[in-house]
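Modelling step: build the complete structure from the supplied sequences, incorporating the hints.
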Amino acid sequence: MNFGRFFRSTVGIGLTAAILLALPFVAATGGQAWVRILDFAILYVFLALGLNIVVGLAGLLDLGYIAFYAVGAYTWALLASPHFGLHWPIWAILPLGAGLACFAGVLLGSPTLKLRGDYLAIVTLGFGEIVRIFLNNLNAPINVTNGPQGITLIDPVSFGAFKFSGTTQIFGFALSGPQKYYFLLVALAILVIIINIRLQNSRIGRAWQAIREDEIAAKAIGINTRNLKLLAFAMGASFGGVAGGIFSAMQGFVSPESFSLLESIMILAMVVLGGMGHIPGVILGAVLLTVLPEVLRYGVGPLQMAMFGKMLVDPESLRMLVFGLALVLVMRFKPAGLWPSPERQRELKETGK
Amino acid sequence: MNVNLPNPLLEAKAVAKHFGGVKALRDVSLTIRRGEIYGLIGPNGAGKTTFFNCMTGLYVPDGGGFTFDGAPLIADAPDKAAARGIARTFQNIRLFGNMTALENVMVGRHVRTKAGVLGAMFQNAATKAEEAAIRQKAIDLLHYVRIEERAGDLARNLSYGDQRRLEIARALATDPKLLCLDEPAAGMNATETEQLRDLIDGIRRDGTTILLIEHDVKLVMGLCDRVAVLDYGALVIEDVPAVVQKDQRVIEAYLGA
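As they're listed, the protein sequences go chains A and B. My numbering numbers the first residue of the first sequence as 3 and each following residue consecutively. My numbering numbers the first residue of the second sequence as -16 and each following residue consecutively.
Keep in mind the hints are simulated off the structure, nothing from the lab. It cannot be assumed that every hint is accurate.
To be verified - Computed footprint of chain B on chain A, listed as stretches where at least three residues anywhere in the stretch have a Cβ under 8 angstroms from a Cβ of chain B:
#, segment
1, 193 to 202
2, 225 to 236
Stated by the list, open to error - Which chain B residues stay away from chain A? Per the calculated CB distances, all over 12 angstroms, these:
#, residue
3, 6
4, 48
5, 86
6, 89
7, 101
Each residue gets a CB set at the ideal place from its N, CA and C atoms; glycine is no exception.
Now the structure itself:
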């Protein structure tokens, strides 16, 4: 079946919209926690698609992506919380967060222009850690980030009097906070999907792919690889910054712990597992890697209790075990990802891999 | 040596390049005129590809320089050389393997188009028109090199001969004044070489000057207006094929061997 055509047909759009609309209410029957998990799944879709520009399109292996997420999150946290007594509105903070993350992207991009592959991965990994350690230690001599305690009581997203936290009555429906965030995130995710698709099939997107495929040949036909790589870093980082801002507002609390190396690896794994450079694949990867661990968390505990009458394996460690196994299996049996682009699929079939 | 040739497109003046102690190019000076097919031959390791790489900006020459189309070429800037009108193919084919044949040629239009990120995001009329023009030009070029039926295939899945043609189409997409082909006939059989010959001749007739590095002496002598011979990094002779073929030094260095 051609999924691309299906999603563009009227029936496809209608069905997708209906599912997206119903999802938070279905999830709410299992408790608001599930709606929050849904929120995070979509937030990660957003993040993974941002990273897809850098890794999937331009082929720059970025292991420090979470740093831009952190920049966005802390921008929101510092400018809309009692920490500095500032309560800026969303239309000021979100663009500022995106802008600062974008600047951080260029800052990371410029010294790494000549690096490729593993070497680039190591430098970006270091950058991600530097940002986290900075956030951890910037509580002295002047208390900027409040160190490892993090920042609390962060303002929720609000448009005028309409707040995204707490329950609101709309058209007779009672919408909870997580449900409202869900719709905001879906809107943002659709926006980033459209931007991704349009970029991919544009002059700039093709130039990124050319750099990914063969940098010397790309230069030889007149592509300014330096500027385009910086642009890829900047674009990806801006998306990370926006996602960070929403995360901060949704949680009401940020601390450096949320921006560890593991998070960077998780987002990269979403892109790679789903199908690098293929937008539906990346979405699938992000949703699977957010929802499955939660299913495991809620499912495995009670299951063990029922079967053995006691907890044999801690669900948290089981999660990493299953995650590792899944990675190995995907790399072995679906090396191009769970849902690779149609060209890649055809090619793998032709070469009989 | 010809000093004041009429209508020069590219002039190399005393270009030198060494890698450590190896002198890959020793003060090579030559002139390519507009509208000609200029052959560059020489034994393996004579410095042909090094010369190519210096000219297209991949290497920085250690001495001398190039004048192209009336102005000096800036060293170490391949993208600027391409913008000035120098396009090239590679001895070992370098295509964008995971992109389709059509996309490969469309990328070639990059340097002659200007849509940015905002244009791509908002899909304004100018961007859409430019995109349509890029696509049409790419289709025309695939047609020109006769691989239009492979347009939707990934470049890596094309046959060897088709890959060579695709690389030429991609180079032509940059609207070059000078097209540099680095051993385009390498690995081709007699029929493919014959077809390549027709293609190169056709490109020249359509107004593009060509610099051809080639090992196939028959192809070079039959196709080129003038030929330069390199040996141990130095220019041996630069003249019409009839003269070059009879030159004693060339026979010793290359043809007779």
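Consistency of the hints with the structure:
1. Only residues whose C-beta sits within less than 8 angstroms of a C-beta in chain B count toward coverage, and the segment 193 to 202 of chain A has 3 of them, enough to reach three; the restraint holds.
2. Counting residues of the segment 225 to 236 of chain A whose CB lies closer than 8 angstroms to any CB of chain B gives 4, which reaches the minimum of 3, so the coverage claim holds.
3. Non-interface status of residue 6 (chain B) relative to chain A is upheld: no Cβ of that chain comes within 12 angstroms, the nearest being about 24 angstroms off.
4. Separation of residue 48 (chain B) from chain A is adequate, the least Cβ-Cβ distance of about 19 angstroms exceeding the 12 angstroms criterion.
5. Chain A draws residue 86 (chain B) into its interface by the beta-carbon criterion, the shortest separation being 6 angstroms against a cut-off of 12 angstroms.
6. The claim that residue 89 (chain B) lies off the interface is violated: its Cβ sits roughly 6 angstroms from the closest Cβ of chain A, which falls inside the 12 angstroms cut-off.
7. Residue 101 (chain B), annotated as away from the interface, has a beta carbon of chain A within 12 angstroms; the closest lies near 10 angstroms.
Violated hints, listed in ascending order, are 5, 6 and 7; each of the other numbered hints is respected by the structure.
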